[in-house]
Amino acid sequence: MDTVRANWRVVATPRAGGNAITGPIWRFATAEREELIMTFEGIEPADNAKDVRPNVSCRWDCTLDGLSIGGLRFDVRLGTTPHDLATVARLLADKLFHPTTLAYEKTYYWQIIAHGEDQLGDPMEWHGPIWKFTTGREHSEDWPLDGGGGCALGTLSPLEGCLFLVPFLAIFSR
1 MDTVRANWRV VATPRAGGNA ITGPIWRFAT AEREELIMTF EGIEPADNAK DVRPNVSCRW
61 DCTLDGLSIG GLRFDVRLGT TPHDLATVAR LLADKLFHPT TLAYEKTYYW QIIAHGEDQL
121 GDPMEWHGPI WKFTTGREHS EDWPLDGGGG CALGTLSPLE GCLFLVPFLA IFSR
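Mapping of the sequence shown onto the working numbering: position 104 corresponds to residue 104, and the numbering continues sequentially without gaps.
If you are wondering where the hints come from, they were derived from the structure by calculation, not from laboratory data. Possibly wrong hints are sitting among the right ones.
[Said to hold, decoys possible] Label pairs and their in silico Cβ distance ranges:
id, residue 1, residue 2, range
1, Pro82, His115, 50 to 60 Å
2, Gly71, Val11, 14 to 24 Å
3, Arg9, Asp84, 54 to 64 Å
4, Ser57, Asp84, 18 to 28 Å
5, Ile37, Val88, 18 to 28 Å
Heads up, the beta-carbon is just placed ideally off N, CA and C, and yes, glycines get one too.
Sequences are here, hints too, so could you generate the full structure?
Listed below in structure tokens is the structure:
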């Protein structure tokens, strides 16, 4: 917004007629609207994160001109291409979002849009950068130490690719 310069004065006109009383001319200028800079930080999952679980919670923090402030609301945009993000949550008060339909081995892009007010009380939006993360392979819930191979504790068959478990179990079964 550019600076606006204006002149004004008061002219009082009597009801019963007569001469108007003219006041002095006053001058003022509006200040140029200061651009407030929003910085997003503490992003989870981090930009370019790999092997993220599909049940991830997206978290973020932000500062406005270096100050942590309250009263902001947040939209979350999410998608599988950076140019076609859908708004999946609107006007969240918390800096936390739990996506519900993420798939394994897929790349996702996400963005935060903060809503607040400037110094004059006018509504403003700040768009964060677009971050990306990739979900990992599906792991067995029965055996979390499977190295990503999907071998459950009960599947010790060499045909199922779990030979590495046999020596480990033999040591502890004596």
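Each hint tested on the structure:
no.: 1; hint: Pro82 / His115: 50 to 60 Å; verdict: violated, 22 Å
no.: 2; hint: Gly71 / Val11: 14 to 24 Å; verdict: violated, 42 Å
no.: 3; hint: Arg9 / Asp84: 54 to 64 Å; verdict: holds, 55 Å
no.: 4; hint: Ser57 / Asp84: 18 to 28 Å; verdict: holds, 23 Å
no.: 5; hint: Ile37 / Val88: 18 to 28 Å; verdict: holds, 26 Å
In summary, the numbered hints that this structure violates are 1 and 2.
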